[in-house]
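Asks: Listed below are the residues making up each chain.
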Amino acid sequence: MAAGPSPPTEAASARADIVRVQGISKVYEGGIQALDGIDLAFPEGKLTSLLGPSGCGKTTLLKIIAGLLEASAGDVFVHGSKVSTPGPERAFVFQDFALIPWSTVLRNVAFGLELRGVGKNERNDVARKYIAEVGLSGFEDRYPHELSGGMRQRVGLARALAVNADVLLMDEPFSAVDEQTRRKFQEDLIALLDNEKKTVIFVTHSIEEAVYVSNQVVLLSRRPGRVARVIRTDIRSVGTPDEIRRDKRYLDTVEEIWQMLRQYLT
Amino acid sequence: MAESQSPEGSGSPPPSLPPATGQDVPGGTDPGATRGFWGNWFWRLVSMAVVFGAWEIGGRIPISIAFPTFSDTLFALGSMIADGSMGKAYLSTLQPLVIGVVISALLGVGLGVCMGLWRGVEWFGAPVFIVMQAAPMAALIPLVTFVYGIGLTAKVLAVCLLALPVIVLNSYKAVRNSNPSLIQMCRSFQGSRLQEIVKVIVPDASPVIFAGLRLGIAAGFIGVVLAELLITPTGIGDLITYHRAVAEYAEMYATIFSIIVFSAVTVGFLETVEVRFFRPERKGR
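So the protein lines, in turn, are chains E and C. According to the numbering used here, the first sequence holds residues 2 to 267 in order. According to the numbering used here, the second sequence holds residues 38 to 322 in order.
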């Protein structure tokens, strides 16, 4: 530091952090303050979880990053430029899946490309590729109501992957999915992300899930949400999923986060 | 009567995502679908048999000299179709009905969707149609005659007066209640406002819009019959008035019966069109 902060270092860190939020606050109509002065950086190619007590504004922050909600104060930067609306470099995976009930799986997955005016054959080819990647081959012509919750969220994930955005924003993607399906889905997600080289911002209320899937965990305080702590986890280098779940460092991190979170529970 | 079998009873639920079942069994060939189909038809036939049976018995007691049996009515219907009087009457009734219903459907859905989308149009339109729906519009028909005379215009207007409010209000509420999650999804993929309306909001609202159209068309039938009874006796209204005047009750009931069946079949046909073109996922459900 004493040697002087060199501009190259700063530039390098700016390049490494694909998404940055500065001083984000959100006050809802009626005066409820959801977020208060959030400063965060999301490193490229990494999975960051937003974790915190319920009602702390995790989803609000994610939707502000997505451009779906307007911040009361502060800025969001993606690739170094300020954004306030949805953009092609970000894709959202919804908690309630948000699949179009009157469209087949194929059309749902291709929907983002359809909106961009990509030709039918081309977008269907891309959609088929991602349907296969999320393990839903053979279900292209089914309707969402014919699928289980886990399969529906796979469709939501494939739709987000199909637009080839650099950043995936996932809003409690597994909360509407049963426990066993969730574990399998988490493992598949990690494998998929290793292939796709995406940056992921992941909202969850499950400590185990956050530690298991993330490179770093951002802990938010109770409302109004502030950044309580950022924890680097990188637990995935340990080995297979089963080894991770028995790993001491994994269990210690879960326990550490729990101890911090429990102070927010009345 | 026959309209108890009309599909309005099975009116579409408000648009929403189907509930997550959490089961890992994705459909396949659903045995419930075929059983439901035959079950439906069985109970429809039973329901018709009960109503017509009661009618036949009521006519045989007889409840009133002016109440013919079901079999007499059917016979009268057959002979009226055979001698061409029924066909001629429908030809003249259908003219104001079709014109009025088409105008109401296009104008009503358009206006209702706009009211759902834009606050300004809502403030302008909603109070008018809410009053129109609450008011007994049949009472205005003499007024319509007063202004527009006894020609086609007055009859078309009578159809529109009855059909329009329910179509407008249903379309308006359907659009207003469209799924916010889907709209947000469309925005997150940078869908334009036009894409949002065409690809998400209107299809999402279509079940309720169609429910409104079915009710509106049924109201249009009421409008045309009222017009023919109150303005000038032509077509179906003429047949009813005439046969009542000469005390040919079987013929009068046959006419009424035919218009009810015609109305129910039209409304049912609309549901088929809806499922085929707008909600393919509901096919066979």
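I should point out that these hints are in silico values taken from the structure, not numbers from a laboratory. Hints are not guaranteed to be accurate.
[As the list claims (entries may be wrong)] No more than 30 angstroms apart at the CA atoms, straight line, and that leaves these computed lysine-lysine pairs for BS3-like:
{"no.": "1", "chain 1": "E", "residue 1": "K249", "chain 2": "E", "residue 2": "K121"}
{"no.": "2", "chain 1": "E", "residue 1": "K185", "chain 2": "E", "residue 2": "K83"}
{"no.": "3", "chain 1": "C", "residue 1": "K210", "chain 2": "E", "residue 2": "K130"}
{"no.": "4", "chain 1": "E", "residue 1": "K249", "chain 2": "E", "residue 2": "K198"}
{"no.": "5", "chain 1": "E", "residue 1": "K47", "chain 2": "E", "residue 2": "K198"}
{"no.": "6", "chain 1": "C", "residue 1": "K125", "chain 2": "E", "residue 2": "K121"}
Asks: Decide, hint by hint, whether the structure agrees.
Replies: Status of each hint after checking the structure:
For the proposed pair K249(E) and K121(E), the alpha carbon gap of about 50 angstroms is over 30 angstroms, so the pair is violated. Taken as a hint, the K185(E) and K83(E) pair is broken in the structure, with Cα atoms around 36 angstroms apart against an allowance of 30 angstroms. Between K210(C) and K130(E), the direct Cα distance comes to roughly 39 angstroms. Violation of the 30 angstroms bound is thereby established for this hinted pair. Simply put, K249(E) and K198(E) have alpha-carbon atoms about 28 angstroms apart, close enough for the 30 angstroms limit, and the pair holds.
This hinted pair checks out: K47(E) and K198(E) have alpha carbons roughly 8 angstroms apart, not beyond 30 angstroms. Annotation: proposed proximity of K125(C) to K121(E) is violated, straight-line Cα distance about 50 angstroms (limit 30 angstroms).
The structure fails hints 1, 2, 3 and 6 (numbered hints given earlier, in ascending order).
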